[in-house]
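Undergrad: Residues per chain are reported as follows:
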Amino acid sequence: MSTPSDEGSPDPRYAEYVLGVLDADGRAQVEREMAASESAAAAVEQWRRRLLPLTAEIAPQAPPAHLWQRIRGELQLEEAGRARAPAAPSGFTQSLRFWHRLTLATGALLAAACVAIAFLLVRRPAAPAIPYMASTITESGGRVGWTATMDIAQSSMIVVPAAPEGVGSGRSPELWLIPHGGKPIAVGVISANAPMTIHLPPALLARLGPTAVLAVSVEPLGGSPTGQPTGPVIGQGAIGAAASGGATGSATAMILFHPGPARA
Amino acid sequence: MNQPSDETLALERLLTRTGRGDARAFAELYERLSPRLFGVCLRMLRDRNEAEDVLQEVFVTVWRRARDFDPARAAATTWLVTLARNKAIDRLRQRRPGAPLEAVDFDRLADEGRGPPAHAEASQEYARLRRCLETLDPEDQGSLREAFFTGATYKELAERGQVPLGTMKSRIRRALAQLRTCLET
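Protein chains in written order, with the numbering used here: chain A, 1 to 264; chain B, 1001 to 1185.
Quick caveat, the hints were computed from the structure, so don't treat them as lab data. Please note that a few of the clues may not be correct.
Unchecked claim - Restricting the straight-line Cα-Cα distance to at most 25 Å, the calculated cross-link-like pairs of lysine to any residue (SDA-like) are: (1) B:K1169 - A:G181; (2) B:K1169 - A:R13; (3) B:K1169 - A:A194; (4) B:K1169 - A:L75; (5) B:K1155 - A:Q29.
As the list claims (entries may be wrong) - So the derived label-pair ranges between C-beta atoms look like this: (6) B:T1061 - A:G209: 35 to 45 Å; (7) B:R1013 - A:L75: 15 to 25 Å; (8) B:R1173 - A:G170: 28 to 38 Å.
As the list claims (entries may be wrong) - So these bits of chain B aren't anywhere near chain A, every CB distance computed over 12 Å: (9) L1009; (10) R1013; (11) T1016; (12) D1137; (13) P1164.
Ideal placement from N, C-alpha and C gives every residue a C-beta, glycine not left out.
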């Protein structure tokens, strides 16, 4: 058996193991050696340090909202330290306007900035649908909170933050699509400081339209534990038609901040 | 030796606390790392349902094995990304052998990752690795990248590249050796 030396003619299998080219038997063999030999384990660790930085090229992708619940369910976890969310009477999520009024009335729960998401959808009957949609959220002085671009053909949305306010530490901003008269549908947990790519499943794509709205709520870490918003809405936006963007047909979305009510 | 970044130290603390049964630390770890690890799984598995299953396995394992994490041996991100890669590759190896190779768009695969790094935490280590990769023969670099990102076996890589198995092994081993030399310079 060759010694796991890293000099001379080194055993290539430790590098190959980290790279991922060994078959199942080959992998199992290396794993046994790592458990039995300190130098084998060290050789593998050395290759991990060399190669794993390459994962920086992979774009982060938001997992679906329900996955965190599945994990907590499997581990039977109570989320320690979670602040009690405002009680939501059943049926009140039917109308976003009613819900928004409720959170405004409770003032102290609303963050200083209110994020409005304007979602631009263009449909021309004679031409194919615009392949790209975008949403820009800007403050009413022009300050941008988030920009979101949607690639319909790829069923994906990229949400890029630009220093939005209103999301405290230990909380997650979560994006919702609210069809007119319907209950909010989870789009996914977004980020206040990193770009996020979100997959748009067919059920969601089908509900995009001028009568629906997008909204951002502040949730416990990892997103709402119930599948419906549990925290205050810090932004909302209408979906409306707008002129398309440049030659590529893409439109940019602006995320608008409106000054919220004075803090309590 | 690079000083660990603030982010690395923060993740270390979260992982250590998770190992002690701190559910809130675990939730924060999920919040911070799940998009990156989901990206890794998606890239390798090319199937959303499987990627979700594997990501769930990854975090269940994180909860159960975080107490084994030793910051002296490995950085927290390395530990977590390794876990995700290993589980994804194990899942790949379980796929029925002889099943037709999925209809992967290989041109897109080759283009993916040729641009700048996807997130701001890309490190000095990445910059050095990238520079060393660029010194390789383009074909060698391409095969190495394909191996890393897709988790394909030597046999699958040889079939896709339409070269003999021995050729692909030589190519990859040569690339790895050159990479090691470059990184140690």
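Undergrad: Test the statement that R1013 of chain B is away from the interface with chain A: the closest C-beta pair must be farther apart than 12 Å.
TA: 14 Å, holds
Undergrad: Going straight from one Cα to the other, do K1169 of chain B and L75 of chain A come out at no more than 25 Å?
TA: 42 Å, violated
Undergrad: Does the no-contact call for T1016 of chain B survive, Cβ to all of chain A over 12 Å?
TA: 16 Å, holds
Undergrad: Does the hinted range 28 to 38 Å hold for R1173 of chain B and G170 of chain A at CB?
TA: 48 Å, violated
Undergrad: May I ask you to test the hint 35 to 45 Å on the CB atoms belonging to T1061 of chain B and G209 of chain A?
TA: 41 Å, holds
Undergrad: Just double-check D1137 of chain B for me: nearest Cβ-Cβ distance to chain A has to come out over 12 Å.
TA: 17 Å, holds
Undergrad: Does L1009 of chain B really sit off the interface, with its C-beta more than 12 Å from all C-beta atoms of chain A?
TA: 17 Å, holds
Undergrad: Since P1164 of chain B was said not to touch the interface, does its Cβ keep a gap of more than 12 Å from each Cβ of chain A?
TA: Correct as stated: the minimum Cβ-Cβ distance to chain A is 15 Å, above 12 Å.
Undergrad: Is 15 to 25 Å a correct range for the gap between the Cβ atoms of R1013 of chain B and L75 of chain A?
TA: Hint holds: Cβ distance 20 Å, inside 15 to 25 Å.
Undergrad: Straight-line Cα separation of K1155 of chain B and Q29 of chain A no greater than 25 Å?
TA: 18 Å, holds
Undergrad: Would the pair K1169 of chain B and R13 of chain A pass a check requiring their Cα atoms to be no farther apart than 25 Å?
TA: 11 Å, holds
Undergrad: Below or equal to 25 Å on CA atoms is what counts here, so check K1169 of chain B against G181 of chain A.
TA: 60 Å, violated
In the structure shown, a violation is registered for the earlier hints numbered 1, 3, 4 and 8, in ascending order.
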